[in-house]
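> Spelled out, the chains give:
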Amino acid sequence: MAFFESAKPIRVDGGILARRRRGSIGEEWWSRRFIDLLEAFADTGRLQRGRAYARQGQVLRLDIRPYEVTAIVQGSRPEPYEVTLGLQAIDGWDAIEEELSRRAVFRARLLAGEMPREIEQVFDACGVALFPEHADDLALMCSCPDWGTPCKHAAAALYLLAEAFDDDPFLILAWNGRARDDLLTALRRRPLTPEPGEDEDDDPLTAEDFWTPPSGLAALRDRPPVPTTPPGLLLQLLDPPDIKIRRRQLADVLLPLYVALAADGPEESTE
Amino acid sequence: MLVAHATWHGGALCLWAEHDGPRTGRGSVHPFATADFSGTSYAGLVRGAPRVVLDLILPSTADHPLPSAELGPEPFEGEPGLAVWRVPALVLDPFPAMTLLRSAEGQADVVPGTDLRYLALLAAEVADLVRRGRVLPALVREDGDPAARWRPVPDPARFRTLAAAMPPACRAVAPGRPASTVLREALDGLTDTTVRGSAPHPLLPERKGDVPDHIPLAERWFEALTGPDPSIRREPHDSAADLEAELDAWYRSALPATGPLRLTFRLTEPPPPAASVTAPVPPAGEAAVLGPQHGEPDDEPAWRVEFLLQGADDPSLLVPAADVWSGEALLEGAEEALLAGLGRALRVFPELSKALDGAAPSGLPLDTAGAFRFLRQAAPLLAAAGFGVFLPSWAGKAKLGLKLKAEEEEQDQDGAATSSGFGLTSLIDFRWELAVGEETIEEDELAELARLKTPLVRLRGQWVELDDEQLEAALTFLRHGRSGTMTAGQVVRAVIHAGEQSLPLVAVEAKGSLGDLLSGEADRRIRPMPTPAGIEATLRPYQERGLAWLAFMDGLGLGSLLADDMGLGKTLTLLAHLVQARPSDPAARRPTLVVVPMSLVGNWQREAARFAPKLSIHVHHGTRRHRQNELLRAATAADLVLTTYGTASRDAGELAQVPWARVVCDEAQALKNSSTRQAKAVRSIPAGSRIALTGTPVENHLTELWSLMEFANPGLLGPKKAFRERFAVPIEAEGDEQAALELKRATQPFILRRLKTDKSIITDLPEKQEMKEFCHLTVEQASLYQATVEDMLEQIAEADDKQRRGLVLATMAKLKQVCNHPAHFLKDGSRLPGRSGKLTRLEEICGEVMEAGEKILVFTQYAEFGSMLQPYLAARLDRPVLWLHGGTSKQHRDDLVQRFQEDAEPSVFLLSLKAAGTGLTLTAANHVVHVDRWWNPAVEDQATDRAFRIGQKKNVQVRKFICAGTLEEKVDEMIERKKSLADSIVGTGEEWLTDLSVAELRDVLRLSPEAVAG
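Listed in order, the protein sequences are those of chains A and B.
Take 1 as the starting number for the first sequence in UniProt numbering and just add one per residue.
Take 1 as the starting number for the second sequence in UniProt numbering and just add one per residue.
Since the hints were derived computationally from the structure, they do not count as laboratory data.
It should be emphasised that the depicted structure is a prediction, and the values quoted were computed from it without experimental measurement.
All C-beta atoms, glycine included, are put in the ideal place defined by N, C-alpha and C.
Heads up, some of the hints might be wrong.
A few chain B residues that don't get close to chain A, going by computed Cβ distances all over 10 Å [to be verified]:
no.: 1; residue: A69
no.: 2; residue: V140
no.: 3; residue: P613
A few chain B residues facing chain A, derived, Cβ under 8 Å [claimed, not checked]:
no.: 4; residue: T24
no.: 5; residue: R344
no.: 6; residue: A652
no.: 7; residue: K772
Make the full structure from the sequences, and use the hints.
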C-alpha cells in the first residue's frame, strides 16, 4: 500500500485545474453541500490527496451523464486511470417533477442559473437524495489498484464535479438522471394552474331565472379599456416552444399573422 | 313574432326560436318552437344550415314549456319545474355562426333571447381577443385525427366572470351542461374561425425547386392553421404526440399564474436638485430651463424602477422588494412571486437583466434616456403583460403643446357692438403659444431644450416628456405666424380642431364672454336669472343658473345640451327659458318645437299647463293631427308645439315649413344613433337654435355625444369618422386620458351637466322629491278600458246594494289592470312590449337609472303583474331584476335584500306593495316608482320609506304613475282636492268609491279623449 501512496503522479499539461487554490472547494451552497456530505462519510486523507490532484490538473476529462460521471485521471502510472462515479437510478422523477412544477420559483431560479435551496427538500419529500449522503449512495470505480473508497483519483473527480456544479447547477440534476432540457420540457408540460373555470362546480339548472343571466349582461359589455400593444406581444411574452418551421422558430414565422390580426382594426361600434 | 334562442353544442351554434302563433305538437315536442326562419332577416344568415332536433331542458308547467321573457312571460300558479322538450334547431358551423352572432341584435323582425344575446357578446369578446393577438395555435384531435386549431387566451378572471354570467338557457341541452364547458367550446370555435377569417393564407411561401418527399409534421400542421381546412395532411409514421405536448405546454404557459401576489414596477423620479430648484425664477427673457443637465455629467439624474409586490385581491398591499429580501415582509411565496415575475418581465423589458445580477434585486437604476424608454416602451408592454405599473402623475400628461390666448377686440368703432353684444361674429385677437400645462414656454427656452436633446426635461420644476417629433413640431410651429384676429366662432372651432398628435392643444386662455363660454363654466360665471314672470313655480338656484346658461347660448346662436341628472327639473328649466325668451310683441313670436318620446307627451302637456299656463301649446300627434297649411297655422299660433320622435320623422317635410324659433329634443338619447331616420329627420328641421335635453351621462357614450352635438350644432365636431378616430377609439378602447381631456375641452362649452351628488351646486335639493308621471294608454288599452266601463254601467243598473259594492270594486281592479297592461288584464300570457304606456315609461326610467349606475325600487300591488315584469325587465335592461312577493321565503327575502344593498351593479328591485311595504331597509335605491296606485298615501309613503330611511345618503326621487284621462287621474285629483279630508275618506283604501252615485261613478271612470296617445 505504501508503495502506491508515496508514488508521485505523472504531471500533465492541459488537465482540468481546480479554480480554488486553497481551502475548501465549492462556492455555491449546492456544491458546498455536496462536498460537506462527501467529507462526512469518506476517508479524509484520500480526499485531501484527491483535492491536491484536482488542483494540479491531474484530471484530464470529466463527462457527466445520467447517473454516471466518467473521468480520466492521470495517476502515477503512464496509463491514465478511468474513474466512474455512479448513482442509483431514481424512479421517482415523476413525483419530483410534479412537485417542482407546482412552484414557478424552481424554474425561475434554475433558469437564472441558481439551485433553489428548497429543491433538496422536494427530493427529500419524495424519498430521494439529491446528493449522496452515505458511501453506499455512491458507486465509485477506478481502474487504479487502490481499493480504498474513494481513491484519490475518484476524489479528484468529485472535487472537480463540485466545481462544475458551481458553474451550472443543472449538472446536479443531469447526474441525477435529468438533463437540463429534458427537465425544463417536463416542467413546462405540466400545467402550472388548472385550466380556467375547470374546477368550478356548476349550479344545477333551475326553472327560476332560466332565461335571464345570474347577473345582467350589461355589466359584461363594459370591457375595461386596454392600452394598445404591439401585435404578437403574447409570442414575445412566452417561452418559445421548441418547434421549428423550415428551420425558423415557430414564434417568428407566426408573427406576420398576428400583425394581420391586429390590422383588422377595432370593431366598429354596432349602432 | 320570433324570439331567437341559441346554445353552443357539438362545436356549432344551435339556433331555434319560439313563435307566438298557434301551439302545436304533442307529447314531448315543444309546442311553440321552430327552426323556420324563412321570411325573416335571419333567413339569409342561416341558409343551408342543417336541421336537428335537440333535447332541451326548459322550465315548464305540468303540460307545456313556459315561454321566455322576450316572448311574454306567462302567469302561473306555484313553482315551475324543469322538463325535457324536443326542439327543432339549425346547426351553424363556426363561420356562419360568427356572422349571425355579429348581426343578430340589429334585426327588427326577430327578437334575440338573452341566451342568443349572451352568445353575441361572446362573439364580440372573441373579435377583441383575436384583434389583440390573445390567441395561440394548437394541435387537437378531432375524431381521432390531428387538426390545427386556434385557441383563445382569455384572462382567467374574465373567463370566470363570463362563465358565471351565462344564462341557464345556454346550458339547456339535456342532461344540462356545465357553463365553463359551453363557454370554452364556444370561445374555441369562434376564435378559430375568426383567426382564419383574418389571417393571410398560405402563410409560408411556396417551396421553390424540388418538394421533398417528406414534409415534417410541424410544417404540415402550420399550413393547416390558415385557410378553411384545419385537417393536417397525413404521412406514414406520423407521431403527433410530441408536437401536441409542446403546443399544449406553450398554451398553458400563456395562462397567467393566478397567485395572490403580482409583481409591480414603479418609476420614481430623481429628487429635485437642491440648488437649482430653490433658486429664484430667472428674470424674464433668460432661459428658464432648469435641470440636472446643467450639472456635471456625473450628476446624471438617478431615476429608478422599483420592484414591488402587490396583493392581487388587495391592491393597497404594496411591499417593496427590499422588504421581501430582508425578510421583513412576512408574505408566503413573496420571493417566488418576485423572482418568477422578474423572469417573465425580462422578456418584454430586457434592460431588467442588469438588476438581476445581484442576489436580492429590488430595483433598476436608470438614466434619463432609460427612464424615457421605460415610460414610452417598457411600461405599456409590462402593463399589457399583466404586471402592475405605477408611473409618476405627470407621465403621459405633461406634454408640450399649444396654448391659445384669445381676447375680445376693443369695441370702439361704430358702436355696433356693445359690451353685452358678444356674438359668434365678434372679432377676437388671438395668439398661439407653446405651453406645458398652463405654463407658456418661450422660444429661447425651447431652443435650450432642443440643444439638450434629452427626451425628459425638468421644466420649472416639472418633468416633461419631449421626444424628437414633438420638438420638431414645436420648432416648425414657431416659424409660422402665431397671432392675428379671427371671429369668436372661429375661435370655438379652433378649440375643437386645433392641435395634433405631436402638438396637442393643452390650454386655452380667454377673458370676458368668450372666456365664459370656453371655460365650460358659463353657468357659474354669468349672473343667474330669476324665475321669469309667468312661471308658476320658484326656480331653485341651480335652475336659475341653467336658465341663464340657456339664454346665454341662445343669444350666441349656439345649440346646447342640457344634461343635468334626472330629477333636477330640466323640463321646468326649459319652460322658464321659453317664457323669458318669448318676445312681448306677439308679432315677433315664433314657436318652439319640442320633440319627445311618445310616453312623455302627456307629462309635458301637464307640466307646461301647470308651470307655464300662459304658453299656448299645440300637440302635433295622432291620426287626427293637422297637416300642411293647417299645421303651419296651428304651429305659428302656438308658443310650444309638442310632437313625438315618430311623428317628427314622418312629418319632417311639413314641420320644416314652420319658422321655428328653436327645436328641442327631450330624452335626446333617442338621437344617439345619428344614422336613423328619426335622427336625420329631426336634424333636417331648420330652427334658430337647438337644445337637447338628456339625463344620461353623455360622456360615457362618445358616438352618442357626437350625434347629440350634430343635432345641436351641426358640423361643429367634424365628420363622425374623424371623431371616432380622434376621440372615441382612443378614449373608449384604450383609455387615453389626453384624448379625453381634449374632448372635454372641445365640448364643455355646449354641455351643462350637473349631478345630484354635487353638493357644491345642488345645495337645495329636497331629500325626497315626489313626482307624478303621466302615462298614456295605447289604443288597445283604451278599448279594453272602455268596454270594461260600459260593461259595469250596464250591470250596475240591475244590481242591489251588496252586488253593486262588489261590482264597483271588481271594476276598479280591472281598470287598474288595464292601465298597467292589457296582458295583465287578459291574463293570457301574450307579449309585453309596445302595448302599455306605463310599461314603456317604466322601461325608460329604469334604463336611465341603470345608465346612471343607480338602483331603483318598483312597487306594484299586483303580484301577478310583478311576476310578468320581472323576467321582462331583466331581459330588456340586461341588469339584475330582483323580485320579492308574498310567496318569497324568509331566507330568500333576506338574500335578495342583502344582494340589492351590497352589489355594486345597478339593479331593479321589484316589490309587491303588500309583501314589502314594511320592515325592509333598501337604502341602496335612490329611485322609487309606484307603477299602480293604492290611493292610500300612508301605505305608499310607507313603501317609499324603504329607500328613504336612515342610511340614505342620496336624494330620493319618487315617481307615481298615473294614466292620464283615466280613473287614476280622476281619483288622484280628488285626493289632491280634498287633501284635508284625504285621511278620513281615503284612509280606508278603495272602499269609499263604492259609495259614489252612478253619475259620480260615470264621471270618475269615464275615459277622457286625451288618454290615448297614438
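> Confirm or reject: P613 (chain B) is not an interface residue toward chain A, with every Cβ-Cβ distance exceeding 10 Å.
Fine: 41 Å to the nearest Cβ keeps P613 (chain B) off the interface.
> Grab the minimum C-beta distance from K772 (chain B) to chain A and call the hint holds if it beats 8 Å, violated otherwise.
Given a least distance of 29 Å, the restraint on K772 (chain B) is violated.
> Tell me if the interface restraint on T24 (chain B) is satisfied: Cβ within less than 8 Å of some Cβ in chain A.
22 Å, violated
> For V140 (chain B), is the shortest beta carbon distance to chain A beyond 10 Å?
14 Å, holds
> Classify the hint on R344 (chain B) as holds or violated, based on whether any CB of chain A lies nearer than 8 Å to its CB.
7 Å, holds
> Hey, does the A652 (chain B) contact hint survive, CB to chain A under 8 Å?
20 Å, violated
> Per the stated criterion, does the least C-beta distance between A69 (chain B) and chain A lie above 10 Å, as a non-interface residue requires?
Per Cβ check, A69 (chain B) is inside 10 Å of chain A; nearest 5 Å; violated.
Violated hints, in rising order: 1, 4, 6, 7; the structure is consistent with all others.
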